[in-house]
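Trainee: Throw the hints in and build the complete structure from the sequences for me.
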Amino acid sequence: MSQPQLDISQTDLFTGLTSRSLQDVLAAARPVQTFPKAHYLFWQGEPAHICYVLVSGQAYLIQLDASGHEVVLGVVGSRQAIGITALLEDGIYSTSALTAEETTVLSWEGSVLRMLAKRYPTLLNNALRIAMERYVDLQQAYRQLAFKPVERRLANVLLKLAQSRPSERGAELVIREPRERLAALAVTTIYTVSRLLTDWERRGLVSLGRGVVVVRDLAQVSEIADHDNPPGWSVTQDT
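In terms of numbering that gives the first Met the number 0, the sequence shown opens at residue 0 and continues consecutively.
Keep in mind that a hint or two might mislead.
What the hints assert, rightly or not - Straight-line Cα separation of at most 16 Å, EDC-like style, residue types lysine to aspartate or glutamate; simulated pairs:
| hint | residue 1 | residue 2 |
| --- | --- | --- |
| 1 | K147 | D225 |
| 2 | K36 | E101 |
| 3 | K117 | E101 |
| 4 | K117 | E88 |
| 5 | K147 | E101 |
| 6 | K147 | E132 |
| 7 | K36 | E179 |
| 8 | K36 | D23 |
| 9 | K159 | E100 |
| 10 | K159 | D225 |
| 11 | K117 | E179 |
| 12 | K159 | E88 |
| 13 | K36 | E100 |
| 14 | K36 | E176 |
Unchecked claim - Listed next, with one range per pair, are the computed distances between beta-carbon atoms:
| hint | residue 1 | residue 2 | range |
| --- | --- | --- | --- |
| 15 | P46 | V70 | 14 to 24 Å |
| 16 | T197 | S221 | 17 to 27 Å |
| 17 | R202 | N124 | 46 to 56 Å |
| 18 | V135 | S8 | 18 to 28 Å |
| 19 | G67 | R202 | 33 to 43 Å |
| 20 | Y134 | T14 | 16 to 26 Å |
| 21 | S193 | V70 | 12 to 22 Å |
| 22 | D89 | R202 | 51 to 61 Å |
| 23 | P46 | R202 | 40 to 50 Å |
Since the hints were derived computationally from the structure, they do not count as laboratory data. For every residue, glycine included, the Cβ atom is placed at its ideal position computed from N, Cα and C.
Mentor: Structure, rendered in structure tokens:
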């Protein structure tokens, strides 16, 4: 069965390839797949056999720390590749990839991708660039953890999650994530996230439901995200 007509020219892994090259790459892909929210595309420590490009949706890149707790290193969106370690013959996934919402992907076997990279060196250059960008993102995440108070980290998480989600209530931003995921993204505890959100609800910044956070005062949440210690806010001890 032939692949549906998909435009992969703007994906980070295949940018710069010619139209003919893109046709070859698309023809070598596995069938398009759609996964529900909270589906693991791959697990940390597994042999990296498959590389994915997100056609739509989002996925979290997650690592387990020494205590076995999840740490969300980043969020990957549409037109981005994950699992590029599959380009290495004996590659191992350094993170797990968990869908943040219903997500459609194209994927390639590692052996096929290596063959394509030999044929089209631009692909390998793109993969190296992506790896370096992810490394820089990781450095920034650690700097944020070291120097930004937890209020700012959580506000940034809410804004980042809301960026790619259409508004469901006019100007309000609706985020459907469990507290556990918000805590992992902000690199803090569920207790701290719940305490902050409850305080923000009391101040009229958000409304809370089961697994739902509605950002009602975007300007104030943005101010928290942009300033280490906004007027009227004390730095919360991260616990």
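Trainee: None of the hints should be skipped; say for each whether it holds.
Mentor: The hints, checked one at a time:
1. K147 <-> D225: Roughly 10 Å separates the two Cα atoms, so the pair holds.
2. K36 <-> E101: holds (5 Å)
3. K117 <-> E101: The given pair, whose Cα atoms are some 33 Å apart, is violated under the 16 Å limit.
4. K117 <-> E88: Holds - the C-alpha atoms of E88 and K117 are around 13 Å apart, at most 16 Å.
5. K147 <-> E101: violated (31 Å)
6. K147 <-> E132: violated (21 Å)
7. K36 <-> E179: holds (15 Å)
8. K36 <-> D23: violated (30 Å)
9. K159 <-> E100: Holds. K159 to E100 sits at ~14 Å (cutoff 16 Å).
10. K159 <-> D225: Holds. K159 to D225 sits at ~13 Å (cutoff 16 Å).
11. K117 <-> E179: Violated: K117 and E179 sit about 42 Å apart, past 16 Å.
12. K159 <-> E88: Outside the cut-off at roughly 34 Å; violated.
13. K36 <-> E100: Given that 16 Å is the threshold and the Cα spacing comes to 4 Å, the pair holds.
14. K36 <-> E176: With a Cα-Cα distance of about 10 Å, the restraint between K36 and E176 holds, given a limit of 16 Å.
15. P46 <-> V70: 14 to 24 Å: 22 Å Cβ-Cβ, so the 14 to 24 Å window holds.
16. T197 <-> S221: 17 to 27 Å: For T197 and S221 the Cβ distance comes to about 20 Å; the hint holds.
17. R202 <-> N124: 46 to 56 Å: Given a distance of about 49 Å, which is inside 46 to 56 Å, the answer is holds.
18. V135 <-> S8: 18 to 28 Å: Since the Cβ atoms of V135 and S8 sit about 24 Å apart, the hinted range of 18 to 28 Å holds.
19. G67 <-> R202: 33 to 43 Å: Because 35 Å falls inside the window, the suggested range holds.
20. Y134 <-> T14: 16 to 26 Å: The hint (16 to 26 Å, Cβ to Cβ) holds, given that Y134 and T14 are roughly 19 Å apart.
21. S193 <-> V70: 12 to 22 Å: For S193 and V70 the Cβ distance comes to about 19 Å; the hint holds.
22. D89 <-> R202: 51 to 61 Å: holds (52 Å)
23. P46 <-> R202: 40 to 50 Å: Holds - the Cβ-Cβ distance for P46 and R202, about 49 Å, lies within 40 to 50 Å.
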